[in-house]
Amino acid sequence: DAGVTQSPTHLIKTRGQQVTLRCSPKSGHDTVSWYQQALGQGPQFIFQYYEEEERQRGNFPDRFSGHQFPNYSSELNVNALLLGDSALYLCASSVNRVAAFFGQGTRLTVV
Amino acid sequence: AQKVTQAQTEISVVEKEDVTLDCVYETRDTTYYLFWYKQPPSGELVFLIRRNSFDEQNEISGRYSWNFQKSTSSFNFTITASQVVDSAVYFCALSEDISNFGNEKLTFGTGTRLTIIP
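Chains Z and U supply the protein sequences, listed in that same order.
Numbered by my numbering, the letters in the first sequence go through residues 1 to 111 in order.
Numbered by my numbering, the letters in the second sequence go through residues 1 to 118 in order.
Everything labelled a hint here was simulated from the structure, so no lab data went into it.
Do not rely on the hints blindly, as some may be mistaken.
Stated by the list, open to error - Using 30 Å as the maximum straight-line C-alpha spacing, the simulated BS3-like pairs for lysine-lysine come out as follows:
no.	chain 1	residue 1	chain 2	residue 2
1	Z	K26	U	K16
2	Z	K26	Z	K13
3	U	K38	Z	K26
4	U	K38	U	K70
5	U	K38	Z	K13
Claimed, not checked - The following residues of chain Z were derived to be distant from chain U, with all beta-carbon distances above 10 Å:
no.	residue
6	K13
7	G16
8	Q17
9	G28
10	Q56
11	H67
12	V111
Built from N, CA and C at the ideal position, the CB exists for glycine as well.
Using the sequences and the hints given, assemble the complete structure.
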């Protein structure tokens with residue numbers, strides 16, 4: 001049984017560009033959450049998707065958007081990249097309020 | 001607003017010593033959940049434990065144990081007879097109760113980097 005998988009694992013982008021990160025949840029999980037982890041910090045909640053809708057959102061600007069597909073997989077899109085967007089982006093999946101299981105993350109570097 | 005404080009930024013102990021990682025939380029909710037996650041160098045957050053606010057029983061799982069004290073808003077984690085493989089960053093997290101649907105939004109502490117010296 002595959003766990004949470006994220007792609008790509010590493011990414012380098014230029015300021016002002018747009019990026020899309022992808023997440024496949026653990027089998028049987030219907031809820032996907034995204035977190036941003038800056039170097040040396042704890043993860044910060046970006047948003048959560050359930051039934052293809054954004055259900056909760058953290059304190060992130062509208063440049064951060066997402067989508068959930070019928071198969072429960074999800075994408076995180078970031079527009080107009082800033083240097084400060086450089087971080088590890090973690091996807092977590094869960095079901096029925098069971099604790100979230102995380103993927104290995106996508107390390108995004110903005111230059 | 002919810003807040004989690006892990007005052008210990010880094011801890012180093014010699015292998016086989018016991019070590020306790022501290023976690024203090026703030027919330028106005030009466031129902032909430034507390035978590036510990038381990039983050040090895042690979043980056044993935046590994047789930048260790050989830051407790052709800054009504055269950056103050058201490059828990060032991062092998063060499064790991066957790067002490068939840070509501071009176072002091074603390075949820076401390078102890079590793080007994082530490083091993084080199086325990087070296088990682090450990091995060092404490094808190095979530096509110098979501099009654100209607102879905103799943104917890106986690107508020108994390110800043111983490112404690114634990115190094116076990118062989």
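Comparing the hints with the structure gives:
1. Z:K26 <-> U:K16: Judged against 30 Å, a Cα distance of about 35 Å means the pair is violated.
2. Z:K26 <-> Z:K13: OK: K26 (chain Z) and K13 (chain Z) at ~28 Å, within 30 Å.
3. U:K38 <-> Z:K26: holds (18 Å)
4. U:K38 <-> U:K70: holds (23 Å)
5. U:K38 <-> Z:K13: Holds, because 29 Å separates the two Cα atoms, which is no more than 30 Å.
6. K13: holds (19 Å)
7. G16: holds (26 Å)
8. Q17: holds (23 Å)
9. G28: Answer for G28 (chain Z): holds, closest chain U Cβ roughly 13 Å.
10. Q56: violated (5 Å)
11. H67: Non-interface label on H67 (chain Z) holds, nearest chain U Cβ at 17 Å vs cutoff 10 Å.
12. V111: About 20 Å separates V111 (chain Z) from the closest Cβ of chain U, which puts it past 10 Å; holds.
In summary, the structure is inconsistent with hints 1 and 10 from the numbered list given earlier, while agreeing with the others.
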